[in-house]
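Residue numbers (my numbering), protein chains in the order written: chain A, 51 to 140; chain B, 7 to 209.
Calculated from the structure, these hints are not laboratory results.
One thing to keep in mind: the hints can contain errors.
[As the list claims (entries may be wrong)] Each computed DSS-like pair below joins lysine-lysine, with the alpha-carbon atoms no more than 30 Å apart: (1) B/K178 / B/K45; (2) B/K77 / A/K88; (3) A/K88 / B/K178; (4) B/K63 / B/K115; (5) A/K104 / B/K93; (6) B/K45 / A/K88.
[What the hints assert, rightly or not] Not the full set, but computed from the structure, chain B residues with beta-carbon under 10 Å of chain A: (7) D35; (8) L50; (9) L153; (10) K156; (11) V170; (12) I203.
No residue lacks a Cβ here, since even glycine has one placed at the ideal position from N, Cα and C.
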Amino acid sequence: MAFRHILQLASLAIVFAAVVLWLITGANRGWTKTSEPKRTLDEVTGIEGITYEKRYRPGCDFLGAALLGAGILATASLLFRKQPTPNRPA
Amino acid sequence: MKKQLSTLCAIVAVCGATLAAPQTFDFKDPKGVNNAVFKLDAPLEAITGSANGISGKVTFDPANPAVTKGKIVVAAASLHVPNSMMKEHLHGGQWMDVAKNPELTFEAKELKNVKTTGDKTSADAAGTLTLKGVAREVTVPVTLTYLKDKLSQRVPNLKGDLLVVRASFTVKRSDYGINPGAPEEKVSDTIDLTLSIAGAAVR
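Construct all of the structure, not just a fragment, from the sequences and the given hints.
The structure is reproduced here in structure tokens:
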């Protein structure tokens, strides 16, 4: 397989993997989050306590970075164009 | 008989004075529920976070809430946002400079416009708010809820009262030198602050 095809496939794989990961983690349209708030009600005082749980939720910045990386690979693939074969004399 | 009566009167007077005396509430919450929430508008998503490293003491007299005074301290290192890179920036020199300014404080000097209904008192707390080392005089609307004898429900084996303090107000980050270079199109100058804290007075 030509190197340019490998780069093109890699760029497609990156876009696909990024979109799938983004969708299965809840399609977060904000910034990427590495932790999420968990609220618990203190029944005596009525105060909602906030603790954070580690959880990775990719956001729009993650999608943007993945698309940028895929674009760079796809552009790089153009540098490896197929060399035209010289015409053979009849 | 006279002697017994005078002794009884003395006991009642001492008890009355004790009950009417201002109580000091400690806001270092063993349950870690106390929190301060902050919010700044930004184009993609509002930046919302919280801090739970709260301590401080408030003197409150249930019979005369107007004389309430005290100081609430928030440990700057406990400021948290859900994005780890944003948190790094928040703690850094341009934003809160946590290394140089480890505490955010509000010192209440007097309460104005005090209105009490039952156990709930609403007022405007005038005092000094210090953020990133910059101190400014502010007036903040607060609600105080006095929960008599409720401490044992939260912390078994301890008897005493609880004081719940809630406040919601806004500050301008430019007033406190908090990343003054950040354009308002990217992050708002206004910071919404919400404080929900409970203090305990052990008897």
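Exercise. Where does the structure disagree with the numbered hints, that is, which hint numbers, in rising order?
Worked result: none
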